[in-house]
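Protein sequences appear in the order of chains A and B.
As numbered in the working numbering, residues 1160 to 1482 make up the first sequence, in order.
As numbered in the working numbering, residues 1160 to 1482 make up the second sequence, in order.
Any given hint could turn out to be false.
Chain A is nowhere near these chain B residues, computed Cβ spacing over 12 angstroms in every case [unchecked claim]:
id	residue
1	W1198
2	G1270
3	I1271
4	K1279
5	H1293
6	Q1300
7	S1303
8	S1304
9	D1323
10	I1332
11	R1418
Some, not all, of what chain B presents toward chain A, calculated at C-beta under 7 angstroms [to be verified]:
id	residue
12	A1168
13	P1479
14	I1481
Taking lysine-lysine and the DSS-like style, the derived pairs with C-alpha atoms no more than 30 angstroms apart in a straight line are [stated by the list, open to error]:
id	chain 1	residue 1	chain 2	residue 2
15	B	K1260	B	K1460
16	A	K1460	B	K1460
17	A	K1260	A	K1460
18	A	K1256	B	K1460
19	A	K1460	A	K1279
20	A	K1260	B	K1460
21	A	K1460	B	K1350
22	B	K1260	A	K1460
23	A	K1279	A	K1350
24	B	K1460	B	K1279
25	B	K1279	B	K1350
To be clear, the hints were calculated from the coordinates, so they are not data collected in a lab.
Quick reminder that beta carbons are idealized off the backbone N, C-alpha and C, glycines included.
Number of protein chains: 2
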Amino acid sequence: MAVYTHLTADEIGDFLDDYGVGALRSAKGIAEGVSNSNWLVETEQDGAARRFILTVFETRTEAADLPFFLALLDHLSAAGQPVPRTIHTREGALMRKVRAKPAALIEFLPGISIDEPDEKQAHAVGVALAQLHHAAADFGQARSSSLPLGRCIAMLRDHADRFDAIDPRLAQIIPDCGEALHDRWPAGLPKGTIHADLFPDNVLFVNDMVTGLIDFYFACTGELAFDLAVLHAAWSFGLADNAFRPAIGTALLRGYESRRALSPQERATLPVLAQGACLRFVATRVEDWFATPAEGLVRRKDPMQFADRLAFYAQAGDAPFIL
Amino acid sequence: MAVYTHLTADEIGDFLDDYGVGALRSAKGIAEGVSNSNWLVETEQDGAARRFILTVFETRTEAADLPFFLALLDHLSAAGQPVPRTIHTREGALMRKVRAKPAALIEFLPGISIDEPDEKQAHAVGVALAQLHHAAADFGQARSSSLPLGRCIAMLRDHADRFDAIDPRLAQIIPDCGEALHDRWPAGLPKGTIHADLFPDNVLFVNDMVTGLIDFYFACTGELAFDLAVLHAAWSFGLADNAFRPAIGTALLRGYESRRALSPQERATLPVLAQGACLRFVATRVEDWFATPAEGLVRRKDPMQFADRLAFYAQAGDAPFIL
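Chain A extracted, bound-state conformation:
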């Protein structure tokens, strides 16, 4: 949540010149995305205002993967999905450089992120995820996850001797840093292109309608049911008490299955996949925890939020997934 690269108005104007989207009228640095710099840019073209998001990709996003992300946005929006279109330069390029960093211009989508979704909104996002999976089925590119389970386990092992500095419960919940999940991880599940990070932050609504699915910078080729497990883990717990909200979880699954039925194996493995999803967010948050000074203005996300959800899934078994 920061703007790392400072661009002058002239630099933004020069950047836009390559796109033929009209004259720059406003540019506001926005506090969005964890590791990129973003501007909400307004231009004027033929008397009409147009809005875009300009993103400068900082170190965390690997430049080599950007063509995958940007082409995926193109593919999905062409298929009618509520995903921001990548604007191409006059020469047809998906990206260009600014201050020696890769940068892209994408469509601005209206809508707001809901902190605590209701059942209707949860159902709608379940529907949206299944439709995304269908629309991505004929996307021609592939990308391996940068955070597969093995990598998350390794990240946790690197910090295991300092778990107590976060919370003594952490070592009780994952004494093996998640190794046991690795043995139980299912093989042979249907794969495809997945969003892999569909938190409430990344879904825009106008009332109960999904108007935007954004922030595809973790998208990869993976198990479709894992994407649903991420959604379940990210949406079905109260913000204040972190308690499981069964009605929300059920609405997510029902919405998803209204467009794409889960196979018996997918359904049976959801408890393990959900634990794997939680482990991933514990791992990245543990790493950020030790990388971020406690007094910094950047809010550290609490690893225990997802550690407790992992413990919940480990104990609850099939129960949260029975409709």
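Fit chain B to the given chain A structure using the hints.
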């Protein structure tokens, strides 16, 4: 440059309900302002998109002064100045509370801030400042500066024993922390309501036209010529080399005087006023320097930028102000 208060979409929606400006369609936290939290908010009303800036005032801005700032915006925009209008609640209030903090909704103005203005833009902002002074002449409220010269000197004295930690030249430039300026400060200059912080950041342009004067949170009753001195000190030096750019300084003064002629006393005292303006920015930056951890993500502004400008004005005498 941060968003300190996190508001949920529901909270922003509830906030807007009090204003009757349509339904919330988008809200992006923007990296603007040093000590407030700001959102660029979009609503839909009668099929049309409307845009606003929602500001939550954090500790630095004294709540007691907000009615002054917000009423001033109202007064100036009613007088046709390019200043954002304060949106009133349905009950006519200029502000309300969010999370126990004062908050206000103001008009969004198009335009971009120029980092290195050219002569045309400098002339235009000189004109805009003089027009602002005229339009504010019949504003009925008064507010003392929170950073009068005496206060700046005191702030510097508090840190004088640590000046070398910033730069050994600092103590050479202001061995007396600015006390000598105090003795030379002119009395009897024409006073009025001044912006007092008209940095390039706070001026929006569309091409060479000033479309917005923003961030009035240092506005106060003071010497009109001091406002011009702030403008001169903030605009007339190269960003890269911090060297005086005489053509820009001249364009600022010519623009200003095309709308409001300086009295002989005002002109004669500009060198002292400009040093006072520089001293103020040195003082606030020195204070921020020692209050902000060096490793923090918040960029500390360099006190030496304005210390060197102060030294320039002290040596140059009348020269920069002779047209």
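Status of the hints after comparison with the structure:
{"no.": "1", "hint": "W1198", "in the structure": "violated (9 angstroms)"}
{"no.": "2", "hint": "G1270", "in the structure": "violated (6 angstroms)"}
{"no.": "3", "hint": "I1271", "in the structure": "violated (4 angstroms)"}
{"no.": "4", "hint": "K1279", "in the structure": "holds (14 angstroms)"}
{"no.": "5", "hint": "H1293", "in the structure": "holds (27 angstroms)"}
{"no.": "6", "hint": "Q1300", "in the structure": "holds (30 angstroms)"}
{"no.": "7", "hint": "S1303", "in the structure": "holds (30 angstroms)"}
{"no.": "8", "hint": "S1304", "in the structure": "holds (28 angstroms)"}
{"no.": "9", "hint": "D1323", "in the structure": "holds (25 angstroms)"}
{"no.": "10", "hint": "I1332", "in the structure": "holds (27 angstroms)"}
{"no.": "11", "hint": "R1418", "in the structure": "holds (25 angstroms)"}
{"no.": "12", "hint": "A1168", "in the structure": "holds (4 angstroms)"}
{"no.": "13", "hint": "P1479", "in the structure": "violated (25 angstroms)"}
{"no.": "14", "hint": "I1481", "in the structure": "violated (31 angstroms)"}
{"no.": "15", "hint": "K1260/B to K1460/B", "in the structure": "holds (27 angstroms)"}
{"no.": "16", "hint": "K1460/A to K1460/B", "in the structure": "holds (28 angstroms)"}
{"no.": "17", "hint": "K1260/A to K1460/A", "in the structure": "holds (27 angstroms)"}
{"no.": "18", "hint": "K1256/A to K1460/B", "in the structure": "holds (27 angstroms)"}
{"no.": "19", "hint": "K1460/A to K1279/A", "in the structure": "holds (27 angstroms)"}
{"no.": "20", "hint": "K1260/A to K1460/B", "in the structure": "holds (24 angstroms)"}
{"no.": "21", "hint": "K1460/A to K1350/B", "in the structure": "violated (50 angstroms)"}
{"no.": "22", "hint": "K1260/B to K1460/A", "in the structure": "holds (24 angstroms)"}
{"no.": "23", "hint": "K1279/A to K1350/A", "in the structure": "holds (27 angstroms)"}
{"no.": "24", "hint": "K1460/B to K1279/B", "in the structure": "holds (27 angstroms)"}
{"no.": "25", "hint": "K1279/B to K1350/B", "in the structure": "holds (27 angstroms)"}
Consistency with the previously given hints fails for numbers 1, 2, 3, 13, 14, 21, ordered from lowest to highest.
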